[in-house]
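Engineer: Starting from the known structure of chain Y, arrange chain C on it as the hints suggest.
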Amino acid sequence: MPRRTMIEAIRDAMDVAMGQDERVVVFGEDVGYFGGVFRCTQGLQQKYGKTRCFDTPISELGIVGVAIGMAAYGLRPCIEVQFADYVYPAYDQIVSEAARIRYRSNGEFTCPIVIRMPTGGGIFGGQTHSQSPEALFTHVSGLKVVVPSNPADAKGLLIASIEDPDPVIFLEPKRLYNGPFDGHHERPVTSWAKHPLGEVADGHYAVPLGKAAVRREGSALTVLAYGTMVYVAEAAAEETGIDAEILDLRTLLPLDLDAIKESVSKTGRCVVVHEATLTSGFGAELAALVQRHCFYHLEAPVIRVTGWDTPYPHAQEWDYFPGPARVGRALVETMEA
Amino acid sequence: MTRYAPLSLHVPEPEVRPGGTPDFSNVPIPKAGSVPRPEVDVDPREIRDLAFSIIRVLNREGEAVGPWAGTLTDEELLEGLRHMMTLRTFDARMLNAQRQGKTSFYMQHMGEEAVSCAFRKALQPGDMNFPTYRQAGLLIAGGYPMVDMMNQIFSNERDPLKGRQLPVLYSARDYGFFSISGNLTTQFVQAVGWAMASAIRNDTRIAVGWVGDGSTAESDFQAALVFASTYRAPVVLNIVNNQWAISTFQGIARGGSGTFAARGLGFGIPSLRVDGNDYLAVHSVGKWAIARARRNLGPTLVEYVTYRVGAHSTSDDPSAYRPKEESAAWPLGDPVLRLKAHLIRKGAWSEERHRQAEAEILDTVIAAQKEAESHGTLHAGGKPSVRDMFEGVYAEMPPHLRRQRQEAGV
Chain Y
1 MPRRTMIEAI RDAMDVAMGQ DERVVVFGED VGYFGGVFRC TQGLQQKYGK
51 TRCFDTPISE LGIVGVAIGM AAYGLRPCIE VQFADYVYPA YDQIVSEAAR
101 IRYRSNGEFT CPIVIRMPTG GGIFGGQTHS QSPEALFTHV SGLKVVVPSN
151 PADAKGLLIA SIEDPDPVIF LEPKRLYNGP FDGHHERPVT SWAKHPLGEV
201 ADGHYAVPLG KAAVRREGSA LTVLAYGTMV YVAEAAAEET GIDAEILDLR
251 TLLPLDLDAI KESVSKTGRC VVVHEATLTS GFGAELAALV QRHCFYHLEA
301 PVIRVTGWDT PYPHAQEWDY FPGPARVGRA LVETMEA
Chain C
1 MTRYAPLSLH VPEPEVRPGG TPDFSNVPIP KAGSVPRPEV DVDPREIRDL
51 AFSIIRVLNR EGEAVGPWAG TLTDEELLEG LRHMMTLRTF DARMLNAQRQ
101 GKTSFYMQHM GEEAVSCAFR KALQPGDMNF PTYRQAGLLI AGGYPMVDMM
151 NQIFSNERDP LKGRQLPVLY SARDYGFFSI SGNLTTQFVQ AVGWAMASAI
201 RNDTRIAVGW VGDGSTAESD FQAALVFAST YRAPVVLNIV NNQWAISTFQ
251 GIARGGSGTF AARGLGFGIP SLRVDGNDYL AVHSVGKWAI ARARRNLGPT
301 LVEYVTYRVG AHSTSDDPSA YRPKEESAAW PLGDPVLRLK AHLIRKGAWS
351 EERHRQAEAE ILDTVIAAQK EAESHGTLHA GGKPSVRDMF EGVYAEMPPH
401 LRRQRQEAGV
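Chains as they are written, first to last, in the UniProt record's numbering: chain Y, 1 to 337; chain C, 1 to 410.
Bound conformation, chain Y alone:
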């Protein structure tokens, strides 16, 4: 099977979707001729023409707003916000419009759009190139929220998102664009070429939304993770020798509660990890659900390992990013509880 980076897999997903459905259009800042600042749309304008893949003015609300109008017309826009940190100007369009158009119009109008945005830290991105705003979207009825962690999923989930009849926030951990990353910044980076999930099938395939994947089977405790933290959790399990079961949630909304229940009921312990800040982060929802649905199986409190409740700093990158050491301590603490 061909090997692709996450960037290539995402580009391939859009290529496949554009090739099979003329209604799919791709646009955003620097997305057209240049092919995107992360190269995710490279070659698409050349292949499909300027009216299918094009550059936009620097206006996130404009990008999302026109996409909503296009979707009301009957197109299927797959648009890009250059960094998740810059989605806020479009927040009104996403929350008040995209998420609600189907509901408020009783299905007369729908909003099948995908908003792709690079997310997450671990790249010395500082305050406005590192944020993980997923909780701002999981709180919004009517949205779907997807976070892939590898090239194979990225392609299948993006195709599924483009084909989905509802608006999807598609968060791409930019730290994973070129290779997996377990938080060991002191080691050389590895590429997807050596990772089994870097094998990405040609052509059309979809990874269904709302389904988690078990990345590591284990019996001691369950780690609920997504994006970059999947690899951090793997490293922490290996380094502590704790037989953790690692669940890659893949879709945060709708959430695969059955997979979570199954795993935590088996292990009796649960650690939630994410890069985003702690307070009111998505981990709070996960912890509450585990508490509610697995209470009689729990042998320890659910711990959350997350970014601190501060803006994402620059110089203190590795004291902020929840690396394998911090996650490992939580695993040990949970086992000892």
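Hints are computed from structural coordinates only; laboratory data are not their basis.
All of these numbers come straight from a predicted model, not from anything done at the bench.
Hints should not be assumed to be uniformly reliable.
[Stated by the list, open to error] Far from chain C, some chain Y residues (derived; all Cβ distances over 12 Å):
#1 2
#2 46
#3 47
#4 135
#5 188
#6 191
#7 194
#8 197
#9 203
#10 235
#11 239
#12 265
#13 279
#14 303
[Said to hold, decoys possible] Just the calculated beta-carbon pair ranges, DEER-fashion:
#15 Y:57 x C:48: 19 to 25 Å
#16 Y:261 x C:251: 58 to 64 Å
#17 C:388 x Y:211: 26 to 32 Å
#18 C:255 x Y:293: 53 to 59 Å
[Said to hold, decoys possible] Chain Y stretches covered by chain C per the calculated footprint, using a threshold of three residues with CB under 8 Å from any CB of chain C:
#19 56 to 69
#20 93 to 106
Just so it is clear, CB atoms sit at the ideal spot from N, CA and C, and this is done for glycine as well.
Structural biologist: Chain C alone, transformed into the frame defined by chain Y:
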């Protein structure tokens, strides 16, 4: 020590407040027929003056004059008069229904009837409006069933939107009327996107964005102009300047100089101002702008100069911030009376026929209201089901919503 005097902040004020005498003498109103009508493919740079003037067709004597006249037959004008009268009667009945507790909320169009009623007649089937909450004339003139409008206002068992939406936030796809949102100006940029989609698909349908004077201050307004200009989207961008944004006079949104139409000039968008109380002028300018869009000549920005005669909504009391007599002093008059006078002058209408029409329209609206009320009002009679509350959030109900629906016992 600075050698400058201390700075001071300028906060614009309307010229008159409650208790004062309304005076619009400083509002320049060009003579009807005095503004030229350019070809639709004119270079936008050649018609910058149109953003600062007011295109008018009906003069004080009720005659249709000048180059913008002549887009409508007498029959069409009589139909237009009927639409405006119907909207006004509809408003009066629904305002009253709100006072009687049959609905929680209503917003009327008093004084602005010509804008949406006349513009609608310039559109073709398939074109899509992205309206605000004050363009129900698009529905009335578009033939949308009045009973369904009332069903929506009453949130009853026949409410097309299943009780999910605040009254007057209609949605009528088949009538070219996009779902109204409470969030101001969001639809302005969506209209541009719809138009871009039509162009991408090599369609011939065009989109229309609507916004009020106050809402032009929202950033979506600027985004809409940039995208419309950049991609030459087949869209007409309509600003209804009714002088008031709730209690705030238009000078707060507009700034100290210029006009709302003039905002388009910086984007290279042809920008016109039109007498919003002149049914003929609205139709003619609308037709011009729509023709430009349809011929792939790009967007047009139009400012309709009118006056919000009624309260902002049923939750508002304008006597707290403007003189009661202000609407009577408004120099562009009343759109219904002006069209009526024109038709009478032409011999196509009479006082007697007008009175007759008023009575007929009232009967029709009352009959529709009776029918709508038979399906329930907000606190009485038939209601949308509680199950409907959970439907339609997504195309398919996800597991967490199914659990919540079960928990709600429906």
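Engineer: Next step is simple, just say for each hint if it's right about the structure.
Structural biologist: Here is what the structure says about each hint:
1. Residue 2 of chain Y, annotated as away from the interface, keeps every beta carbon of chain C farther than 12 Å; the closest lies near 31 Å.
2. For residue 46 of chain Y, the condition that its CB be more than 12 Å from all CB atoms of chain C holds, with the nearest at approximately 17 Å.
3. Every CB of chain C is more than 12 Å from the CB of residue 47 of chain Y (nearest about 16 Å), matching its label as outside the interface.
4. In this structure residue 135 of chain Y is separated from chain C by more than 12 Å, as the shortest Cβ-Cβ distance comes to about 16 Å.
5. With a closest Cβ-Cβ approach of about 42 Å to chain C, residue 188 of chain Y is found to remain outside the 12 Å limit, as its non-interface label requires.
6. Here residue 191 of chain Y stays apart from chain C, with its beta-carbon at least about 36 Å from theirs, past the 12 Å limit.
7. Non-interface call for residue 194 of chain Y relative to chain C: holds, since the shortest CB-CB distance, roughly 36 Å, exceeds 12 Å.
8. Here residue 197 of chain Y stays apart from chain C, with its beta-carbon at least about 26 Å from theirs, past the 12 Å limit.
9. The Cβ of residue 203 of chain Y sits about 25 Å from the closest Cβ of chain C, beyond the 12 Å cut-off, so the non-interface label holds.
10. Every CB of chain C lies more than 12 Å from the CB of residue 235 of chain Y, the least distance being 31 Å, so the non-interface label holds.
11. With a least CB separation of 35 Å from chain C, residue 239 of chain Y remains clear of the 12 Å interface cut-off, as annotated.
12. Every beta carbon of chain C lies more than 12 Å from that of residue 265 of chain Y, the smallest distance being close to 17 Å; the non-interface claim holds.
13. With a cut of 12 Å on Cβ distances, residue 279 of chain Y stays outside the contact zone with chain C, its closest approach being about 22 Å.
14. Chain C leaves residue 303 of chain Y outside its interface by the beta-carbon criterion, the shortest separation being 24 Å against a cut-off of 12 Å.
15. In this structure, residue 57 of chain Y and residue 48 of chain C meet the distance hint of 19 to 25 Å, their C-beta atoms being roughly 23 Å apart.
16. Restraint check, residue 261 of chain Y to residue 251 of chain C: a C-beta distance of roughly 60 Å satisfies the suggested window 58 to 64 Å.
17. The beta-carbon spacing between residue 388 of chain C and residue 211 of chain Y, approximately 28 Å, falls within the hinted interval of 26 to 32 Å.
18. The hint said 53 to 59 Å for the Cβ distance between residue 255 of chain C and residue 293 of chain Y, and at roughly 56 Å that hint holds.
19. For a cut-off of 8 Å, the count of residues in the region 56 to 69 of chain Y with a CB near a CB of chain C stands at 10, and the three-residue condition holds.
20. As drawn, the region 93 to 106 of chain Y meets chain C at 10 residues by the rule of a beta-carbon pair under 8 Å; at three or more, the given contact holds.
Comparing the model with each numbered hint stated earlier shows that all of them hold.
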